[in-house]
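Chains W and V supply the protein sequences, listed in that same order. First residue of the first sequence: 5, per the numbering used here; consecutive thereafter. First residue of the second sequence: 563, per the numbering used here; consecutive thereafter.
Since the hints were derived computationally from the structure, they do not count as laboratory data. Any given hint might turn out to be false.
[As the list claims (entries may be wrong)] Simulated DEER-style distance windows between Cβ atoms:
(1) 621(V) - 75(W): 45 to 51 angstroms
(2) 34(W) - 616(V): 34 to 40 angstroms
(3) 59(W) - 635(V): 21 to 27 angstroms
(4) 600(V) - 86(W): 26 to 32 angstroms
(5) 44(W) - 635(V): 41 to 47 angstroms
(6) 14(W) - 614(V): 38 to 44 angstroms
(7) 58(W) - 629(V): 39 to 45 angstroms
(8) 622(V) - 70(W): 45 to 51 angstroms
(9) 570(V) - 5(W): 32 to 38 angstroms
We put the beta carbon where it would ideally sit given N, CA and C, even for glycine.
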Amino acid sequence: AQSVTQPDIHITVSEGASLELRCNYSYGATPYLFWYVQSPGQGLQLLLKYFSGDTLVQGIKGFEAEFKRSQSSFNLRKPSVHWSDAAEYFCAVSAGGGNKLTFGTGTQLKVEL
Amino acid sequence: DTAVSQTPKYLVTQMGNDKSIKCEQNLGHDTMYWYKQDSKKFLKIMFSYNNKELIINETVPNRFSPKSPDKAHLNLHINSLELGDSAVYFCASSQDRGLAGEQFFGPGTRLTVL
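Kindly produce the complete structure, drawing on both the sequences and the hints.
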């Protein structure tokens, strides 16, 4: 069965600093990978996704992620964080039948002004 | 013109009661889902329906029963509510049941069982 690990429960960065959120997955074949963001009291919004092809994918709000098969990783990055980026970030993998998303435990991002 | 809507947004009830949460999507999607997010923010899929047919049924107590009257609606009925059912429940939909289908999430329903 597939699984997703987000090693960092909390991350705090200063506004304007760069950001990298880690995600490692476990799955036997090529996975379909996603990053979602959840603002307080809100539902989840898709930031970006990887299916195949170019391993560097661009998403909304200036985010990007890089798929590294050798490291089973799909880390999320942003060159300059804005205060409005403070939220919970979830990495997810879709595998098996029925488009079942398996989520990581999330990383809470705090942005210091 | 909300894409995926849920009602109610908040639900507070006593143990042993029966309650329902409604979900509607106006995206024309074929597949809908229910997820449960616990107090530690962990998200886990509960059910998925494709064109009113149940396709995913995770290990969920049979007190939980999804009902899909049409492909735009997926309701969640919970019998004999327990304290452990307190959580945020998210509905989602996607264009199809394939692995690449982006899922659109509703705003969530926060259920509190007293």
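Comparing the hints with the structure gives:
| no. | hint | result |
| --- | --- | --- |
| 1 | 621(V) - 75(W): 45 to 51 angstroms | violated (31 angstroms) |
| 2 | 34(W) - 616(V): 34 to 40 angstroms | violated (27 angstroms) |
| 3 | 59(W) - 635(V): 21 to 27 angstroms | violated (39 angstroms) |
| 4 | 600(V) - 86(W): 26 to 32 angstroms | holds (29 angstroms) |
| 5 | 44(W) - 635(V): 41 to 47 angstroms | violated (28 angstroms) |
| 6 | 14(W) - 614(V): 38 to 44 angstroms | holds (41 angstroms) |
| 7 | 58(W) - 629(V): 39 to 45 angstroms | holds (42 angstroms) |
| 8 | 622(V) - 70(W): 45 to 51 angstroms | violated (35 angstroms) |
| 9 | 570(V) - 5(W): 32 to 38 angstroms | holds (34 angstroms) |
The structure is inconsistent with the numbered hints 1, 2, 3, 5, 8, although it conforms to all the rest.
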